[in-house]
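Engineer: If you want the building blocks of each chain, they are given just below.
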Amino acid sequence: MSIPHDLTSLTAPEARDLLVRRDISATELARAVLDRIAQVEPVIHSFITVSENEALAQAKAADAALGAGDPASTPELTGIPVALKDLFCTNGVQTTAGSRILEGFIPPYDATVVARLRQAGAVFVGKANMDEFAMGSSTENSGYHVTRNPWDPTRVPGGSSGGSATAVSAGEALLSLGTDTGGSIRQPAALTSVAGLKPTYGRVSRYGVVAFASSLDQVGPFSIGVEGSAMILRAIAGVDPLDGTTANIEVPDYRATIRDGVRGLRVGVPAEYFVAGMEPDVERLVRTAIDELARLGAIIKPVSLPYSTHGLATYYIIAPAEASSNLARYNGTRFGLAALDEADMNRAMDSARERGFGAEPKRRIMLGTYALSSGYYDAYYRKAQQVRTLIKADFDNAFHDVDVIASPVSPTVAFPIGARVDDPLAMYLSDVCTIPVNVAGLPGISIPCGFDGQGLPVGLQLIGRAFDEATLFRAAWAYENATGWHQKRPPLTLAGAAS
Amino acid sequence: MRCTHIAGRYPWRYPNDHQPSGTRGPDAPLHFESGTWGAYAKNEGTPGRQRVIPSPIPLVLRMNLTPKDVDHVAALARLGITPEERARFADQLSGVLEHFAALQALDTSGVSPTAQVQDLRNVMRDDVARPSTPRDAILLNAPRQEDGFFRVQAVLDA
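Protein sequence lines correspond, in order, to chains A and B.
Using the numbering used here, the letters of the first sequence correspond one by one to residues 369 to 867.
Using the numbering used here, the letters of the second sequence correspond one by one to residues 624 to 781.
Calculated cross-link-like contacts (lysine to any residue; reagent style SDA-like; alpha-carbon spacing at most 20 Å): (1) A:760 - B:733; (2) A:760 - B:731; (3) A:760 - B:732; (4) A:760 - B:738; (5) A:760 - B:735; (6) B:691 - A:727; (7) A:760 - B:742; (8) A:760 - B:741; (9) A:760 - B:736.
Since the hints were made in silico from the structure, they are not lab data.
The shape of chain B in the complex, shown without the other chains (with noise of 0.2 Å):
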């Protein structure tokens, strides 16, 4: 595993008398190499999220994406990216992953996710018929439309 040294990069980095207990120190090297996925679940007694999609990457909490993890990556996000930025990204992105890598040594038995800060429930309007935006004004946008529709490429085969 490529593990670079983020605090000799980097002039950025905590006081060690502030460093959160149960962290690793700034200058602590990184210890994923062996980590995996369930071993990592089992500590922290929360099962795994299972998705019906397989994912072609090794379920090892690594910090290094290859060429081939952008690749599906990027199928997944619908996203073109040009053989350049494949390898790019593939670098970038394992420096970026390894930096948070810090997060996965945190203990956090018991607490609850917060997923936005204001303690809202559903916000709800009463459900009466109102003007919308003009159908005309909407398409003046559209990169093509036939009949009052948007027009796009065929989705399934003829």
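Just chain A, same shape as in the assembly (with noise of 0.2 Å):
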């Protein structure tokens, strides 16, 4: 390919292309990073730290190994710009999670993912924000900055990796990592029109990512169009002695099958999943994304989750009960933030716990703590286990049918900043479509498929068997090269846009 004008308008293989070629230098290509950064944060905030100095050591680094012999043989992400959700533990750089009770905080050691993208030649552009550990759909719980979307930045970009998504979305990074809990990757792909992929839960480490909801949580990319997914999921991916719940399944070379089609690819649609005041764009856009797939040569059948109505009530025991226990550990003895000035031990943790969380890790704690306390365990979180059997199942019975099941991601575009923000339900709803799939445990991607009526971005959910990656990619691909989707990117006319 020849090379563009602007090199942050590069897909992640078009840009591996033209390192292997020697056409761009990784320090070219970082400082384009750094420099649209620059020109964009002061209106989009993707980002809590920029690490500019890594950037261009670890773009000289790229460069060296690109020069040092035949450049096809380096790894696949050398020189590529990444962006990290702020709660990767990265060795040296502040890791926050997006909360006060964190700030200032500097990992001694990389997470395993970070450890495994420095290996591939990666080079880290900065921390992104997020929602305060994980909980959120909008970004907006930060305790640092509220992330605008580049479509519109009177809007949310989603979250809870909001700022991972806008980073893509904005060309301030090709490829970003994040983490899906109930849709925390998913969403913010769907409301900023990048690609967004949660893997099967156990086929990538979290050791050294900030936990949330341990039986759900899963890191994922994001990236302009889904072969930079591919290649980074190929990278980070696979068992882990650090972390007990990775698999022991081969990782496929997800590249060498994606261009493979979707001929007789079966599709299901669940009926459960077109939600009552579904905003009708997006139901019109995602209905239309299906019948290409159909054009494309894909046999499209009716499926039935049922119980996947009850997805969100599960969803919001088992991850409030989980979290409170995973937060436990703040208490501002061994890091964070402490309340050095209380005299009493317990007076200082819970003094250190009201300055540091904020509203939302707050309202977690307290559901979780409610739903697991003396004469509540068994009407909440073991039911809420039990229906997580049931709903599991489904899945399990309509992939007899089928190798796909097709949704929509979001029943709503990027909502306006502020307009969930006090009606926690409200805002819990957001993730109706997406957390189901949390909860079995299965992959999950969302990709464009189109604009409504304003402009906005709407994605179309793709839902995998366990640790059938390749078949979401290959699906995802085939429907992105017929429609073209993903090539349009925000206008972001800075002018005029609050900051």
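Put the complex together from the two separate chains, hints included.
Structural biologist: In structure tokens form, the structure reads like this:
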């Protein structure tokens, strides 16, 4: 391919080709991305920390590697600029999880995914903004600042991995990593018109990832075009002795099969996921996308996932219960915000947590503690785990008849900043179509499928069998190659946007 | 009991014909005023789990949390909250719990719980010593330290 005027418009596979041919250098690419960050950050606020010096040093090392021998034999991500959600521990670089309680926390080690990306030659441009402890669907719950949607800066980018989504959408990184506990990759991907994958539970290590709900959390990528996500997933996936939940299942070469098409692929459409009250444009665009898959040779079949209608309630018992346990460690003793003015140990802990946590982590800790408290455990937590069994069984049944399930990602397009902050339940309902996938531990991908009447992006969700990300990539690539929706980039008319 | 009409407040709901049997329809009111935990447990055939810590929250599966309940849960969680949060959380958490009430109507007798989706047993490594993160590196993040230890406030009376 030819070298574009703006290197930040490159997809990751395009940049890889140009780097291998030595048509561009990793330093030029890093410089272009850092300049783009300087240009758009005053409006978009994708990052909590921009690591310019580290990025340029890594880019220099990448150029040395590319010049040392056969460039094609370097790791695939050599010199590719990557943004990391600010809950991945990065040795020597502040990691906050979007919370003031971790302000100034400098991890003394790398998360496994960070270590693997370093090995693969990636260039880390910064730590992306997020809802505090990954709790939220708008990135408004960040303890630092609100991230804005590049398609309309008066609207949210979705969340909780909002900064990771906008960084890729606005050209501030070619790839990024987020986490998805109930939709936190797929929903912001849909709202910002990028590809976002939540892999199968157990596909990617969570070692060194700030924990939210341990039976649901999973690490995954964002990219323009799904092939970039295939590149980075291959680099980070696989068994890790430091995370006992990672599966010892081979990681396939996703790019090798990504162009194989969807002829004969059986695609299930669950009526339950077209919830009443869904915006008409969202439903129309998702159904049009399913028609397009049929035109490309897929076989469309109705499937039924009746227990998914209880996904939200199940999730909002299980996730806060696990969060209330995971967040117990933030008490100002070993790291993070401490109440040094308190003379009493218990009061010091109460006080550090009162000052350090924002409203949403407090609500979830309260909900989870209540659900696990004396006399309520069976009625809430055990009940939710039983319903979880039923939700998963529905998917198991459906996957006897189909290979992939297609649905909306979010019932609405990006909503205005402030619209749902004081109404937790309205915010929780943003994830009604993505949550059952986490509850069942399955892989799900969000890809752009058009724009509503106001020009705001809409996403298509494809759900796969456990550890069958390869089929999701194949179906997603066939769709985007036929429609080209992923090539539309936000106009980013920076003048006039509030900062 | 406060019983907000969820379906009216929020535009999202499932189509009537896809509501699983045994649950309330999206427009039906919630009925939990008279349901006690004891009666619920009896219907389900699951014995209530006994714990030694007495709860000041009556064992009635009700959907509204009072500010006093909020205080109790906050104390269990070692979580300081402001007076303003105390009132707001009571209201907001009640709304969320109301929404979850639909789960209670589901028949799950005989269904085993899923703690996590993978069929994993305990994952063990060889019991061999290996290097760990140096103490000094860990203590760099300590709010207070002394002689290579974390320093904290007194836990016991002097």
